[in-house]
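Colleague: Please build the complex by placing chain L on the supplied structure of chain A, with the hints as guidance.
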Amino acid sequence: MILELKDYLDDMKRCARCSLCKWPPLAQIKSWRFSNNCPSIARYNFHSYSGGGRMALGLALAEGRLDTITDELLNIVYRCTACGACDSSCKYNSELELLWPIYSTRAHLAGMGHFLPEHSMIIDSLRKEDNTMMQPKADRGKWAEGLDVKDLSKGEKAEVVYHAGCLYCYDPELSAIARDTVLLLKEAGVDVGIRGSQETCCGSTAFQLGFQGEFIKFAESNIDDWNAAGVARVVTSCACGFGIMKSVYPLLGKEMKFEVLHITQYLDELLKQSKLKFSRSFPARVTYHDPCNLGRKAETYVPWKGQDKKVLGQFILREPEKIVHRGWNGIYEPPRDIIRSVPGIQLVEMERIMEYSWCCGAGSGVKQTMNDLALWIASERIEEAKSVGSEAIVTACPWCEQNLKDAIKEAGGNLMVYDIVELARQAL
Amino acid sequence: MALRRDIYRLFENVVGPENMSDDPAVLRSYMYQPFGAKEGVWADISPAAVIMPSSTEEVVAIAKICNRYGIVFKAMSTGWGMHNLPGVEGAVSLDLRRMNRILEIDEKNMYAVVEPHVICVQLQVEAMKKGLNCHIIGAGSNTSVLASATSVVGYGPDGLSMGFSGRNLLGVEWVLPTGDVLKLGSLGADSGWFCGDGPGPSLRGIMRGWEGAWGGLGVFTKCAVKLFHWNGPPELEMKRTPPNYVLKEPIKFFKVALFSFPTIEKLAEAALQLGEAEIGWFVSRLSPSFVGLQMASGANYVATWNTGMLQEMLKYAFLFVIFANSEREFDYQQKVLAQILEDTGGQTSPISEAKEMQELTSTAVIKVDEVTRSCFRTTGGFNTSFGAMDTVDLAMNQIKAGRELKDKYISKGVLMDDGGDNSATLVFDQGHLAYTEMLLMYDHHDRGSAEGAYQYLAESNRAMLDKKLGTPIFQVSQVGKGKHGTFGPACFNYDKWLRKIKREFDPNNTCDPTAYASPEE
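Taken in order, these protein sequences are the chains called A and L.
4 is the number of the first residue of the first sequence in the numbering used here; add one for each residue after it.
914 is the number of the first residue of the second sequence in the numbering used here; add one for each residue after it.
Any given hint could turn out to be false.
Claimed, not checked - Covered stretches of chain L (chain A as the covering partner; in silico rule of three or more C-beta atoms under 8 angstroms from a C-beta of chain A):
| # | stretch |
| --- | --- |
| 1 | 926 to 936 |
| 2 | 1009 to 1021 |
| 3 | 1141 to 1153 |
| 4 | 1320 to 1332 |
Stated by the list, open to error - Straight-line C-alpha distance at most 25 angstroms; calculated SDA-like pairs for lysine to any residue:
| # | chain 1 | residue 1 | chain 2 | residue 2 |
| --- | --- | --- | --- | --- |
| 5 | A | Lys33 | L | Met1041 |
| 6 | A | Lys33 | L | Lys1168 |
| 7 | L | Lys1042 | A | Lys9 |
| 8 | A | Lys389 | A | Asn374 |
| 9 | A | Lys325 | L | Ala1209 |
| 10 | L | Lys1161 | A | Ser123 |
| 11 | A | Lys33 | L | Arg1360 |
| 12 | A | Lys9 | L | Arg1360 |
| 13 | A | Lys389 | L | Met1151 |
| 14 | L | Lys951 | A | Lys325 |
| 15 | A | Lys33 | L | Lys1043 |
| 16 | L | Lys1152 | A | Asn39 |
| 17 | L | Lys1043 | A | Glu354 |
| 18 | L | Lys1165 | L | Val1249 |
| 19 | A | Lys313 | L | Leu940 |
| 20 | A | Lys313 | L | Lys951 |
| 21 | A | Lys313 | L | Gly1221 |
| 22 | A | Lys33 | L | Trp1143 |
| 23 | L | Lys1152 | A | Trp35 |
| 24 | A | Lys312 | L | Gln1368 |
| 25 | A | Lys313 | L | Ala1212 |
| 26 | A | Lys313 | L | Asn1213 |
| 27 | L | Lys1179 | L | Gln1224 |
| 28 | A | Lys189 | A | Arg343 |
| 29 | A | Lys160 | A | Ser178 |
| 30 | A | Lys312 | L | Asn1213 |
Claimed, not checked - From chain A, some residues computed to sit far from chain L (all C-beta separations above 10 angstroms):
| # | residue |
| --- | --- |
| 31 | Asp70 |
| 32 | Gly144 |
| 33 | Glu159 |
By construction, these hints were calculated from the structure, which means they are not laboratory data.
For glycine and all other residues, C-beta sits at the position ideal for the given N, C-alpha and C.
Looking at chain A on its own, in the form it has when it is part of the complex (with noise of 0.2 angstroms):
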């Protein structure tokens, strides 16, 4: 198992609690306004629905502080996108690690049969139908129907595999961006496949919510899978998907014979290599949306296994070095490249981008179980995008689009919301 609560007994115990874990950087702060960075305490305002109070509930299960699970504690450890805003926040000036024993307080509490009853219905469509969407199996390659693309699963071969992932697969209004993802990279020539309906969930919402068994079986068939069909390159659209492959894939210890990129690295690419090229001018005044799984949480996860060593007395020094994950190596330049070369649009940057962005709201199965939370975090960030003047929100995630539009819906507003490879199919 990857997610055990005892292995984060020393961060936990020495969380601060200093609240840094509340608010954006400090120096990165620019308004009043836009100050939060962790949705849930902004939300809910009880310190235990921050980063450090999760972090002392955590140590409460691990050392038995707690005697009961109450539907408070459920609440408190699910209403959370696990966005990991708290964490890059709190290594601005630490070494611990704060969002994986959120994770791991979710696979204790999962491992001891609590949890929302929401997640019953997710993980059992999961187990059943491979998929998290509740929708049957046999229906995940449609969205592909009539497009002229490579099977994989049909045996045929191809140097690149894309990996639509479950909304897009399953969400009759944004498998439009499925296929214009496969449009583009046939376009710019890329020897590009599907697994069509053989494709399975990426375990993502698995591994978020603590279903680590669940997890491990999805990912390491995906790994088999793709390394099978010798793929060279695992290409998808969806964040959240792109973040558990690179950054919690590699700790199942299967050699992955692939490289796995985003798509908006991809299209990057292409672009600077002039396999593609913009002609179409877009003259709007966007703004960029960071989706958690592609920015702060794109870094592959190393879990530090070593040994305390006390040196200058009481000093304690964690042998070997602890790689210290900030969130900062993210993918947050290419999306922002592939903007900038759209003739006429203007980029502009809200207040809390990149490492300190603030989340969707739709993460870690928010979006499907309490949509309320999810819309109410959207909203916040509708209004940041309005207050730099922007016509449009792009984005580069399907939970980020659909949470944002729903939100914008509900709302009123002319606000748009695009899609990255939609505003390249329209800039083509």
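Modeller: For chain L alone, coordinates are given in the frame of chain A:
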């Protein structure tokens, strides 16, 4: 001790069910407080419930319920440290997080009105847009503006030019322990927020005295604080030099420098002269360890420390910042500084002019964003000892006493070896006052280290008495009931006055006295 359900419902009616909880998980998360815990991270006493009011009216209603039913309450803002939690069974915690608005920034009269949960950096970024800045305490810009102004100490190294929180306090809205609302200063005469001492009542001394009542005298729901001229850009753009965020562009007429001196006395003399000359924007004594701990990697710190380079270069050093309004003033301040350095044997540290040092330190002195890194990262456990807001001489005497005592405990291996002298900070209020405290790092999850740290703290408290060094600033709030009885007789029986104030303002002893003063002797 659980709250009676009927009383719970009374509170709930005030704030709404979503803003109150006595769920064990919620309460447990509030009990996690490493700063001030004797060993480990858990408080011994759980709040009976956590209540989150959103307005003065709600705080009043809560205080009145508490008085009616004999429930003790204790308010917190950002809540960093054990002193924020109730120290008695059955008490309720008031988490003021929902009271987080900047109500006004009066550009012309240079003040801001804030609620309790506005943190320093939030106010700073809004003030800078109007050419103003605010004082930030040494604990960092992640702390409440109002808390340090009304309730807890309030020193910060920018105090050389921007005073300290207690002095910067103007009009105040105060919900007394009884639930009555008292408005202080000009606010008390319906004349706005501009003055703390009139034309309405000035109770500055009673309200906070020198170091604050630590939440033991009711709830301060709004206050105005003085703002200061900011000659830099309205928004400070940062760049990434991993793992730090640093200023993208240097600020005009802003210069950071590290100076070292042959002795601590010479350092003190230089600081005093800087104050008397009324130059400088920021000054802080920095121990070799404190400087070294700005490094992101613990391993790098240990390797560097073991070379002895930091100890050699920075044994008696301070960080000094000039921030002038014009080239002429900048030149003038540099000339005065050069003269002071010549008089006191001060030398510019070799690392002072390095670009990285300039970038990193310029950002850190403005944003005060790296305190956790320096204080908590090394061992997890942190505390502070001694402590003065008095004369430079007293500060120096405390440093000497602290160094001697700490060396003993470092030799025993129970504290982190930071060179012994890890005293922070220096003169403020243009030099006529000086602040110090002696930091200590220990492993709070290691019984031997934790017990050793508390033996050191007890001994340091005794040293304060024996050597006539005043009252230890933070320890008074941590030692618990009876602490003032120890220090009072040595300090003009100040404790009797605190108890009288407590009895007068809190006749039912409804507001938790643990970190302040109990009404009885």
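Colleague: With reference to the structure, classify each hint as holding or not holding.
Modeller: Structure-based check of all given hints:
1. 926 to 936: Coverage by chain A holds here, the residue count being 4 at a Cβ distance below 8 angstroms.
2. 1009 to 1021: Held - the stretch 1009 to 1021 of chain L has 3 residues with a Cβ nearer than 8 angstroms to chain A, which meets the minimum of three.
3. 1141 to 1153: It holds: at least three residues are needed, and the stretch 1141 to 1153 of chain L offers 4 whose Cβ sits within less than 8 angstroms of chain A.
4. 1320 to 1332: Since 7 is at least three, the answer is holds.
5. A/Lys33 to L/Met1041: 10 angstroms, holds
6. A/Lys33 to L/Lys1168: At roughly 23 angstroms apart (the allowed maximum being 25 angstroms), lysine 1168 of chain L and lysine 33 of chain A satisfy the hint.
7. L/Lys1042 to A/Lys9: 47 angstroms, violated
8. A/Lys389 to A/Asn374: 22 angstroms, holds
9. A/Lys325 to L/Ala1209: 12 angstroms, holds
10. L/Lys1161 to A/Ser123: 49 angstroms, violated
11. A/Lys33 to L/Arg1360: Cα-Cα ~43 angstroms, so violated.
12. A/Lys9 to L/Arg1360: It holds: about 20 angstroms lies between the C-alpha atoms, which stays within 25 angstroms.
13. A/Lys389 to L/Met1151: Cα-Cα ~23 angstroms, so holds.
14. L/Lys951 to A/Lys325: Outside the cut-off at roughly 28 angstroms; violated.
15. A/Lys33 to L/Lys1043: OK: lysine 33 of chain A and lysine 1043 of chain L at ~13 angstroms, within 25 angstroms.
16. L/Lys1152 to A/Asn39: Holds, at about 20 angstroms.
17. L/Lys1043 to A/Glu354: 18 angstroms, holds
18. L/Lys1165 to L/Val1249: Status holds; Cα separation ~19 angstroms.
19. A/Lys313 to L/Leu940: With Cα atoms ~33 angstroms apart, lysine 313 of chain A and leucine 940 of chain L exceed 25 angstroms; violated.
20. A/Lys313 to L/Lys951: Roughly 20 angstroms separates the two Cα atoms, so the pair holds.
21. A/Lys313 to L/Gly1221: 19 angstroms, holds
22. A/Lys33 to L/Trp1143: 16 angstroms, holds
23. L/Lys1152 to A/Trp35: 20 angstroms, holds
24. A/Lys312 to L/Gln1368: Cα-Cα ~24 angstroms, so holds.
25. A/Lys313 to L/Ala1212: Since the Cα atoms of lysine 313 of chain A and alanine 1212 of chain L sit roughly 12 angstroms apart, the hinted pair holds (cutoff 25 angstroms).
26. A/Lys313 to L/Asn1213: 15 angstroms, holds
27. L/Lys1179 to L/Gln1224: 17 angstroms, holds
28. A/Lys189 to A/Arg343: 22 angstroms, holds
29. A/Lys160 to A/Ser178: 23 angstroms, holds
30. A/Lys312 to L/Asn1213: It holds: about 15 angstroms lies between the C-alpha atoms, which stays within 25 angstroms.
31. Asp70: Its Cβ does come within 10 angstroms of chain L, the nearest being 7 angstroms, so this is violated.
32. Gly144: Non-interface label on glycine 144 of chain A holds, nearest chain L Cβ at 42 angstroms vs cutoff 10 angstroms.
33. Glu159: Glutamate 159 of chain A is indeed farther than 10 angstroms from all Cβ atoms of chain L, at 43 angstroms.
Of the numbered hints stated above, those contradicted by the structure are hints 7, 10, 11, 14, 19, 31, listed in ascending order.
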